[in-house]
Structures are given as C-alpha cells and as structure tokens.
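> Okay, here's what each chain looks like letter by letter:
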Amino acid sequence: MTNMEKYNEAFTSTFGIGEDALENLEYQGIAAWDSVGHMQLIAALEEAFDIMFDTDDIIDLNSYQVGKQMLAKYEVEL
Amino acid sequence: MRKTMEDILEELLQTSPYSLDKAEKRALYRKALSELTRRHYAACPEYQRILDALGFDAEADHELEEQPMLPVRLFKEYELLSVPREEVAKIMTSSGTSGQRVSKIFLDKTNTKNQTRVLTEIISSYIGKKRLPLLILDTRLALRDRSMFSARGAGIVGFSTFGRDTAYALNENMEIDIPAVQEFLKKHEGESILLFGYTYMIWQYAVCALREAGVCLQIGEGRLFHIGGWKKLKEQAVDSLKYNEAVREVLGNVAVYNYYGMAEQLGSVFVECEHGHMHCSNYSDVVIRRPADFSAAETGERGLIELVSLLPTSYPGHVLLTEDEGEILGEDDCPCGRKGKYFRIHGRIRGAEIRGCSDTYERH
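Protein chains in written order, with the numbering used here: chain A, 162 to 239; chain B, 367 to 730.
Since no wrong hints were added, every one of them can be taken at face value.
Below, in silico cross-link-like pairs of lysine-lysine (DSS-like), each with a Cα-Cα straight-line distance of 27 angstroms or less:
| # | chain 1 | residue 1 | chain 2 | residue 2 |
| --- | --- | --- | --- | --- |
| 1 | B | K496 | B | K552 |
| 2 | A | K229 | B | K495 |
| 3 | A | K229 | B | K475 |
| 4 | B | K496 | A | K234 |
| 5 | A | K167 | A | K229 |
Everything labelled a hint here was simulated from the structure, so no lab data went into it.
Make a model of the complete structure from these sequences and hints.
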C-alpha cells in the first residue's frame, strides 16, 4: 500500500465513509468525526505510519487536507 | 479600538498559563469579561432580558466583581446560546442523576477548539508536552451516546489528547481488570505513566477493589489526574490526604492531582498544586460571594463559589454562581510559584439541589 492509500484508509475505516467524501472533509463536518472519532483517527494514523503526533498537532489536525501537510513534519511523504 | 475575545485568547495562549499577576489580570479581565458580556447581551435574548431586568449597563466596562453572574442551574431550565442553532457543533450535558434535569451547553467549533487548547496548556504545564502512556480508570462504555455527550465521556476524550496507547482499567461491569492493567504496565515499564479518572469512581472501583484483592500495581512513576465530587467520600470520612495515600498504596509511585471544573465551563480547569491549593489559571478566576447579600467576600472568608472563565463564547456561561462553598486562600503568593488566586472547596452548600458530578454511576 502506498502512503497515500494508508492515509486515506485511516479516514475511511475510522469514519466508515467512502474515498469520494475525503477531499473536503473537516473535523465535526460529519457525525463520525467528533472528539471521540478524532482520537480514533489519530490512533489510526499513528499506527499506520509509526509516528507520534505532538499534542498541539492533534488539536490542529482539523481537516483531511491539513493532515496531509502535517505528515510532512513527521517525515511521511504522501 | 476594543480587542476582540479572539485576540485576547491568542495572546494568552502565547504565554505560560499561570503568568498573570493581580494587577495584570484585573486589567485584562475588566476588558475581556466586559467584551464577553456585550457579546452575549447582543446575541442571547434570554441573557439580555436578565441583564435588562437587573438594570445592568452592558455597554460599559465593569470590574470582575461587578459582572452579572448566572446561577449554574439556569442552564438546566433554559436553552441559552449565543450563536445560531445551525452553528452548534456539540451539545454538552452535565451528568445529572435520574429524574433530575441536566444542563445543556451549546458549543460551536470555536468554543470547542478553545476549550481543548486551554485544557492542553494547563495540563501540559504539569506533565510536559510529551504524550505519555495513558491508563483511564474507567470503562470504555463512558464513551457511548456520542451525539448527546455526557460530561463523563467528554472528560475522558478531552484527556486522551495527553496520552498514547490508551487503555481502560475497568471492564463493562465496572470491575478492574487486573491482568489487563498489569500487561499494560509491563509493556510500558520504565516509562512515566499518565492516569485519569473520576474521583469517586477511582476510589470505589480501583482503590477499594485493589485493596480487597490485596494487589499493588507498583507503578514506577505515574501522574494521576482526577476530577469529580467529594460528597460520597466525605460521608466515608476520606479527605484528600487519605485519598492520595490510599492511591499510592495500591498504584505505586504516583503523584496525584485533583482538579476542578464544571461541564458548564469545560477547558479552563482548576488544578490542585503540590501544596494542596486549587489554582486559577490565566483563563479563569474565582470570586467568593457572601450568601446573605452576594457581595464579594474577603480572603479567608467562606462563601459561595463564583467561577469565571474567558472561554464561553457560544453560550453565556462566562460568570457562573455555583452551589459549592469555598474560600480564597491567597493570590500570587503560593509557594509553588503559580500566579493567580488559589482557593479551597468545602463542598456543596446545604439545601442545594442534590447533584452528583460524574460520580453518578449506578448499578443496574
């Protein structure tokens, strides 16, 4: 699996949505991405890429697009 | 030009959370609270009616003690919000016992985000920015019913941000799963462990259960944060000294931090320092009110606790009168070095509506 596929799967499997819903997806934009869903997403991303987010980044990761840029900081190339 | 609440919060978030001294805080709170009062006056019709009935001039700036306070139970009787309903992202409810009404707190995205950011600043100042393995002394079930989130579940999720590899110590029947906990601790041997739970539930389902089983978990280095009421513990003559001792007896080398906050003002919590003092941060303040005439009491004088927070922007909950009794112990001069007022909570006033906070788990 490519990193991009892993990234997408963290979202689709955590929130039970299709890839077509990802492009404009934001925190609290769908019922599943609430605060509980958020911690599940963080756990899924950390496991997929073997990284650990800083506390501040957990809070800042508030959309599918923001998350993409954030991963660069953790040396994950999508 | 008047600074907006957003500017004020952004500036505060750049500094450590216990940095403002008395004079700085007084000046800031005069501006910030007056700004919040104006905002809610303009946006929340019920709030406006209350202030009009009081003859309060919302347009002018007022000192902390002159800001109009709402009794916290008003949030049970009315739906008070200062944003359009379609902007409400989450409705927080307090955990009332059955038959009692619960508070409904309406949060928009900005308010929610600020709560998380401020909680992070405050807790990180005690544990550092590094995320630690987290053991929740509760059950996964507390996260049920996500659309109408209880304060208990929200507290757990809010705290999860500071942890990693989160594990739950209690099973679905509220029994401590000793082998699972020991396995978690073995996996993280040599690391500092973060623990979180609710005051009474920790006592009942962890401390007492481990004592009965004759087990000490022997945590090498841990930090336990707990929140919730002391009512049931007081009935059993357990004070914070006894509590902390008992926790260490069954958990090991664990520093215990009690903190205080209401579902009506999540985020801007009050944490007890190593000297046993409950501290206001830059984001919150406390005023003690004399029950006879609601005038502001002096340091060392008991009265009703009024809690003040800079965070509530989507609902008018920035100045709330609680049903708890307490006293201010001092300001800016705690030996721990934190600036701001520090205080003690004596518990629920007599005659107040009985309302447990997060210690309301009942067996079915």
